[in-house]
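Mind assembling these two chains? They're in different frames, but the hints should get you there.
Line order of the protein sequences matches chains U and S.
When the first sequence is numbered by our numbering, its final residue is 427 and no position is left out of the sequence of numbers.
When the second sequence is numbered by our numbering, its final residue is 290 and no position is left out of the sequence of numbers.
Because the hints were derived from the structure by calculation, they are not lab data.
For clarity, every value in this text was computed on a predicted model and none was experimentally measured.
Each residue gets a CB set at the ideal place from its N, CA and C atoms; glycine is no exception.
Wrong hints could be hidden among the right ones.
On the chain U side, residues computed to face chain S include the following (Cβ under 10 Å) [said to hold, decoys possible]: (1) Gly-72; (2) Thr-117; (3) Thr-120; (4) Lys-281; (5) Ser-415; (6) Gly-418.
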Amino acid sequence: MQAKRLLKVLAVSSAAALLAAACSSSTSSESSAPAESSAPAAESSAAPESSMPAEESSAPAVEVPGGPAYAGPVGAGEGQVNILAWPGYVEDGSTDPAVDWVTSFEEETGCQVNLKTFGTSDEAVKLMQGGGWDVVSASGDATLRLIYGDNVQPLNPDLVPSYADIYEDLKLQTHNSVGGVPFGVPHGRGANLLMWNTDTVTEPLDSWAATFEADSPYAGAVTAYDSPIFIADAAVYLMATQPELGITDPYSLDRTQFDAAIALLEQQKALVGEYWSDYTKALQAFVSGTTAVGTTWQVIANLAEAEGGNVEAVKPIEGATGWSDTWMIAKDTPNINCAYLWLDHIASPEVNAAATEWFGEAPSNALSCELTADADHCTKYHAGDTAYWEDVYYWNTPTAACIDGRTDVECVPYSEWGTAWAALRSS
Amino acid sequence: MTTTTSPPRGGFGYRHPSLRLAGLLTAPMAWLVVVYLGSLAALFLTAFWTVDDFTGQLVREFTLKNFQQVFTNPAYLSAMLRTLSIALLVTLISLVLALPLSFFMARVANPRWRPLLVALVLTPLWASYLVKVYAWRSMLQPETGVLAWFLDPLGLNSPGYGYIGIVITLTYLWLPYMILPIYAGLTRLPNSMLDASADLGAKGGRTFRSVVMPLVFPSIVAGSIFTFSLSLGDYITAQIVGGKVTMLGNIVQTTYVTNLPFAAAVATIPVVIVLLYLFAVRRSGALDNL
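With the rest of the complex left out, here is chain S (with noise of 0.2 Å):
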């Protein structure tokens, strides 16, 4: 019997890896340091310029002014503390709502009724951005809105518009945002964990404590990502919804036309705080888990 020795089969690609990865990995990696990281290093390298007194164009000379000027005033540094606590807040409500909503959706209604329960919670992400906080708006309307009306009776007013309006606003935009990773990390929970945790002896709190909560635990952090980079980075809602209470995002808006540079100052501050808590985040080891 004879052997014969054939080349390996495949095309082109499969006898040059490296060239399969470098067709593979092109596109997305141009896109990511030139449109991503480009525009990042150009907001950046703004910053540090200043415009003419004149003429209001752009003067390329390095200054660090803006920067001065946005961690000296306080009004700035008070909108930078302000919309930070939206933020928080805005990301924490979301937890408490989507912790037990998830846990729902996961792990006590019938699996038959799963995909639906997903799809109601995408449902609002449909609708427009701005439908959704121009319904807010009206909703929110001292006296004659929607919630006024069914606080009334309990001798309540209207948040109206403002810091709470705006919280409550950005909270259902993002919420669902929070409920998919939680929902998405509550399904992988292996029921034979649970089950050796009751075999054990652990009740119902102790449970979630030191078997749930260390496994879904990633996946809040993912969710709180968005939640938090989300409302971090919003202008519009607080214009609509704001009343007089502005965010870093529309002094951003206020200025960066008339002054370039110092809108860019103040652009790069949510982006620190964002990396910062990315960090943060890594070093609890959380991301690996994604």
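Looking at chain U on its own, in the form it has when it is part of the complex (with noise of 0.2 Å):
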């Protein structure tokens, strides 16, 4: 009895420690303390900063969130910096030893690069929100979070030489400025595109009605991206289709045109075979042909083409959203030089090139096209091609004030986008 005893003991507590195993795995990618290396250095915060003035006059006009910009000069650096990016932004060849932008940035400016990356905006923002870190590369949906959330401060464009050479196209739009203040430095940007699978969709499309309209052909096999800013690309589709809505900026929406997108949702719902939100997932489902037409990014059909996957992606006529990412810096960093300087380093044009064409967007930098690898990298990409930018709308962060200036309705807020996509997804 004793022996047998001890088995069950046995056999229940390997049963929980390996549920435990089994629980810790499935949530391990969404730890969000940064490891213990990565936190800033005590001793860091005396930054040698006693060599040069510490106030200068150029205080910025507008009362912005985040304080005063880093009146500068930028001095050497604090011995470390830490960021946090998005994959394939911060590259320091453990990954292919030919892609390596931070080990010349580490020997030049003595800045030590602590790298955390994230996988969605929602993550970059938590992670911002815990403190210790210095620097993040933020999506459009992200960066007025971050600014109107106090995390992040406004940015001094003089003390980031590369700036100048940014597309104006990318400064000082409403993701990443308030009242004309820049909020951080572009690095690079995309549009989400419509890709078709070539078996199964046989004539050219040029339209997204092919994944919202209830007589579309391709019912079952539609995708869409499993997030609540996809309720954007509903809008984008309705200014064109239904312009009484007056819709101008899909990421101000007052409750009519809200309701709308919603309502042009549940209906492609019953077109959709699956949502994506996991672009491995997008991927193989796309090369398998299970899903025939929906939303993708340029990476995701770069890789189903070298995958041997017979597909075509475009941008609609209807315009499309799209992504441009910003280098911002946290507001109360003790490594203000070593972020400036990675700023620099990343927007100038050869890390520049280089980071946009690993990762697959367009570069931020009118000088990088020079520099790519594929001398084709900044045709394909679109880069300076300012018409096709047009009709593209970068992610932003809806909020009650509705951020195309109207004044006279209340915008739906983002935390209502989410609840309204998790009630359409569970319907």
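What follows is the structure, encoded as structure tokens:
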């Protein structure tokens, strides 16, 4: 009996241990605590700023969140910089020995780079709110949350020499500035494209109608991006098809406009085979043909072609949503010099070319196009093609104060986009 | 003859039993109270707050809005019922599969093979959760997946991605947690009881119903707690093989950054369901025998 009881105890406890292991493996990607090594060192607050004038008269003219911008000048580095970035934005050669723009930075400036990557904008916001990070590469649906949440500081463009060469149509946009004060350096941009599998879709498409209209011949094989921000994609389509709604910015929707977008998404749901948020899943579904048509990223289209999938991707006539990422500096960073040095480094033509080419997006620096490994990179990604970007609506954070400038109505805030999306997906 | 009375032997802990107990239990109790109950309390408290419409920041003001929203919107209610039915179905299928399997392992197979059989049941648990779910994704793939390949000659189609896909995948994931406790329960079933039942004229079926079942019932309950609660909280499986189908966990995942209080209100539901389940089980007396 004793042995059997022991066996039972062993069985139950091993089951419990495995249970714990299973639970932790499914949540490990969400761990938000910065690694110990990447926490800012205590002594770094003693920045070598004594040699320079502390306050300059270049205070911003408008009252903006985040306090005044760093007056500079940028002095010697504090020894380290803690960076939060999208995967592929900060490469030190560990992914591919040839892909490395961190080592040179560390050697030139003495700033040791401590990196953590994130998978979604929401994760980035949570991590920044937790503190301990000096610099973040934020997409437009995170930037305003960080600005108004007082997590980041305004940028002093004079301290970032590379800023002068950034494309003008990327500067001072609604997602990266407040009242004419810039909050970061633009990194790269891309559009969310319409992709289809040419085995199932024989005629080339040029409209989102194939994914939204009830009579779409691809019912059951349509895919859509599984995030509240996708409501804006429906709004972009409505801008073209229902002009009477008066939508001018897909991220500032009043109640009527928002309800129309949700109704369109309800109609789309009947056509959808599956939603995606994990890009490997979308890739596999497109290559295998399970998904015939739907929204995608350029990088997925490239990988699908590389894997031998018969796919094609375009920006439809209605325009598209897209992203424009911005390097921002945390409000209370103790490593301000290293942060500015990093911003100038990552925006410099060589590094900007390498980083955006590696990721598969259009560079932000006009001089980068000369330096890409693929001479056609800028043409393929429409880097300086201002007309191309005119109907690309970069991800932004919807707030109750309409970001398109309307003051006579209240817009639907992002918290409600979230619950509406959850309800749409649950019904 | 003289007897000397010497003080009792033993160290400091032996002489101070209460301190010994404190030393033994402080760490685990602190972990339980602070980390486990503390986070549950924080979750519950957050569910009564709201977020600012302009900054998206948390506003610590008491409101019942979130719960109201969860329980009045038919979409969330249907997600709740769907999640509950998936968890129940997974538990039921696991039970149906686990009973004969563990009976074979515990009573029929040569005792020398038992450790090997247990190890075989455990092997899937050594692989990563994600790897297993992605494996099921390719197996469930409509038309070209392994399942479609097997079912095609029978004139059937692969269930594809959706409700059935989720149930199959979750059953695969959690089945070992059902087999192990039932196996443990069956191994400690005394042979004499089965002999006595046979001596009194009971056939196999009657013995199973009147002798085996009552004795292994606590083990079944233990297994069902694992399969039920693990299924109830899952969201990654639904994301990968669920197609359009979502579970409660997906709602939490979609809203936890943009609207933390709402996500907390949704997350409270499975906790309450599991507590109710544990309470019902306790009433039946099954937990006393664990």
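Hint by hint, here is what the structure shows:
Restraint check, Gly-72 of chain U versus chain S: the minimum CB separation of about 29 Å is more than 10 Å; hint violated. The beta carbon of Thr-117 of chain U comes no nearer than 17 Å to any beta carbon in chain S, farther than 10 Å, and the hint placing it at the interface is violated. Because the closest C-beta pair between Thr-120 of chain U and chain S is about 8 Å apart, less than 10 Å, the hint holds. Below 10 Å, beta-carbon pairs count as interface contacts, and Lys-281 of chain U has one with chain S at about 6 Å; its hint therefore holds.
Contact between Ser-415 of chain U and chain S, as hinted, is supported at the beta carbon level, the nearest pair being about 4 Å apart and thus within 10 Å. With a cut of 10 Å, the hint placing Gly-418 of chain U at the interface with chain S holds, because the nearest CB-to-CB distance is about 4 Å.
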